[in-house]
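Asker: As a plain string of letters, each chain reads:
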Amino acid sequence: MTQFVLKNHLDPQAVCLRVKAPNADAVIGVLADRLAAIGVVAQTWKAAAIAREAAMPTGLPLADDFAVAVPHTDPEHVLRAGLAVATLETPVAFRSMDDPDATVPARVVFAIALRDKHAQIDMLQTIAGLLQSPEQLTRMASAKDSDEFFAALDQALEPIGGGEQ
Amino acid sequence: MKIKRVLVACGTAVATSTVVATAIEEEMKARGIKVVTQQCKATEVPGLVQNVDLVVSTTPVPDNLPRPTIVTLAFLTGVGKKEVIEKIAQYLRD
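The listed protein sequences correspond, in order, to chains A and B. In terms of the numbering used here, the first sequence is residues 1 to 165. In terms of the numbering used here, the second sequence is residues 1 to 94.
Hint data in this document are derived by calculation from the structure and do not stem from the laboratory. The C-beta atom is built at its ideal place from N, Cα and C for all residues, glycine as well. There's no promise every hint is true.
Ranges of calculated distance between the beta carbons of each label pair, as one might list FRET restraints [to be verified]:
(1) B:Gln50 - A:Ala51: 26 to 36 Å
(2) B:Val71 - A:Ala26: 44 to 54 Å
(3) B:Lys34 - A:Asp145: 45 to 55 Å
Listed next, the stretches of chain A that the computed footprint assigns to chain B, with coverage defined by at least 3 CB atoms under 8 Å from CB atoms of chain B [what the hints assert, rightly or not]:
(4) 61-72
(5) 94-101
(6) 141-155
Next up, chain A with everything else stripped away, as it sits in the complex:
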């Protein structure tokens, strides 16, 4: 069930593999362009998400050398709920959500476009569940193509989908 929810929101066109980006703003820019191209967010989302990341960073350290980031911003820039994912060719420093003075090496970045927090709780919980499967996340991070990426995503979601939902 939950698995279905995430796949509904993740357009294959919004999966950007092995992105080469010099910094966090550039990663958010790539994801913002994809989300805008598929009609999930308005053109204003990019600047808003970059500004929000500067003020309230979203880096999440999962292990010593493996972090993710979950950039997002206010619903007014969102046209419909959706998600974009980037895996990074080399880790990009994002500042940590709980300690903005520290940076963490992000390998996977989920850009989350939300309109209504209660309607999208399934998507959010699924992403949180995904962050708690570090092995599958590592596989997603090193996927060479879309098939490998979605295979790793499927495996990561299996235990979540079969859990409480």
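Could you slot chain B onto chain A? The hints should help.
Answerer: Just chain B now, kept in the frame of chain A:
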């Protein structure tokens, strides 16, 4: 037992605090602790803190708040989650 109020803060009050609030509600219910959660932006915490028993935030909040405050990413990353849930339960049982 009195219903306890937990203020759950994050950057936008939309995404991460929703995950945290839902997890706290479920975990406390499983322990027989009655809670209501309220979500807010971290910047709104000082104005709302008087009405709650505990603040849980994923992002830094001002020092010296008049209520116990926990800053944690555990509900998002899973790292140290059990310990944080027990800590929250402890605060709310008192």
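Asker: The structure should be examined with respect to each hint, and the outcome stated for every one.
Answerer: Hints versus structure:
1. For B:Gln50 paired with A:Ala51, a C-beta distance near 30 Å keeps the hint of 26 to 36 Å intact.
2. A hinted range of 44 to 54 Å for the beta carbons of B:Val71 and A:Ala26 is inconsistent with their spacing of about 29 Å.
3. Between B:Lys34 and A:Asp145 the Cβ separation comes to about 50 Å, which falls inside the hinted range of 45 to 55 Å.
4. Judged by the Cβ-Cβ criterion of 8 Å, the region 61-72 of chain A is covered by chain B as claimed, because 4 of its residues qualify and three suffice.
5. Given as covered by chain B, the region 94-101 of chain A passes the check, having 4 residues with a CB less than 8 Å from a CB of that chain where 3 are the minimum.
6. Counting residues of the region 141-155 of chain A whose beta carbon lies closer than 8 Å to any beta carbon of chain B gives 0, which falls below the threshold of three, so the coverage claim is violated.
Figure legend: structure checked against the earlier numbered hints; hints not met, in rising order: 2, 6.
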